[in-house]
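*Asks:* Sequence:
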Amino acid sequence: PLLWELRLLSEWLGVGNAISPEGHEGLRYWILTVRHGLEDMYGSYPWIAYGTDWLAFGHLVIAGFFIGPLIHPQTSRSVIYTGIVACVAVIPLAMICGPIRGIPFWWRVIDCSFGVIGIIPLLYCLRQLKRMGAK
Numbered sequence: 001p002l003l004w005e006l007r008l009l010s011e012w013l014g015v016g017n018a019i020s021p022e023g024h025e026g027l028r029y030w031i032l033t034v035r036h037g038l039e040d041m042y043g044s045y046p047w048i049a050y051g052t053d054w055l056a057f058g059h060l061v062i063a064g065f066f067i068g069p070l071i072h073p074q075t076s077r078s079v080i081y082t083g084i085v086a087c088v089a090v091i092p093l094a095m096i097c098g099p100i101r102g103i104p105f106w107w108r109v110i111d112c113s114f115g116v117i118g119i120i121p122l123l124y125c126l127r128q129l130k131r132m133g134a135k
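Residue numbers (our numbering): 1 to 135.
No wet-lab data here; the hints were simulated from the structure. Certain hints may be false.
Claimed, not checked - Per label pair, the in silico range of CB-to-CB distance:
1) Phe-66 / Pro-104: 28 to 34 Å
2) Arg-131 / Ala-86: 36 to 42 Å
3) Tyr-42 / Ile-120: 35 to 41 Å
4) Phe-66 / Glu-25: 23 to 29 Å
5) Glu-25 / Leu-55: 14 to 20 Å
6) Trp-4 / Tyr-81: 32 to 38 Å
7) Ala-49 / Gly-118: 37 to 43 Å
Beta carbons: idealized from backbone N, C-alpha and C, even for Gly.
Between the sequences and the hints, there should be enough to build the whole structure, so can you do that?
*Replies:* Quick look at the structure:
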């Protein structure tokens, strides 16, 4: 779905027919660069897309771990703490590895926002667990 999504985004940005990112700036340039890279990759190495399938699977498995705290909140605190650590770890990972990989700064800020936004419900859950334990 990555290539389909980038083609759709290219259409929305008005550059759907662009053959190259050259002559474009900002977000349009970046989206066209990524789209062009995926088109080349899928054309030459379609099996690499299989990796994104596994990435999606991994996200589903991680989501599955949060069923435990939903069913047995008092005995599943470690899952909440692990989630909080993961949310915090997103920020240094994005800011250290992003420049190494040539990821634009604002793209890295968006990546960091997943950790910042993701920690909010986890901290709420932790607070609720502490209240449950106090009763």
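*Asks:* Each hint needs a verdict: does it hold in this structure or not?
*Replies:* Status of each hint after checking the structure:
Taken as a hint, the range 28 to 34 Å holds for the pair Phe-66 and Pro-104, whose Cβ atoms sit roughly 31 Å apart. Separation of Arg-131 from Ala-86 is about 24 Å and departs from the stated range, judged on CB atoms against 36 to 42 Å. The hinted range of 35 to 41 Å is satisfied by Tyr-42 and Ile-120, whose Cβ atoms lie roughly 36 Å apart. Between Phe-66 and Glu-25 the Cβ separation comes to about 41 Å, which falls outside the hinted range of 23 to 29 Å.
Against the hinted window of 14 to 20 Å, the Cβ-Cβ separation of Glu-25 and Leu-55 comes to about 30 Å, which falls outside the hint. In this structure, Trp-4 and Tyr-81 meet the distance hint of 32 to 38 Å, their C-beta atoms being roughly 37 Å apart. For the pair Ala-49 and Gly-118, the supplied restraint of 37 to 43 Å is violated, since their beta-carbon distance comes to about 26 Å.
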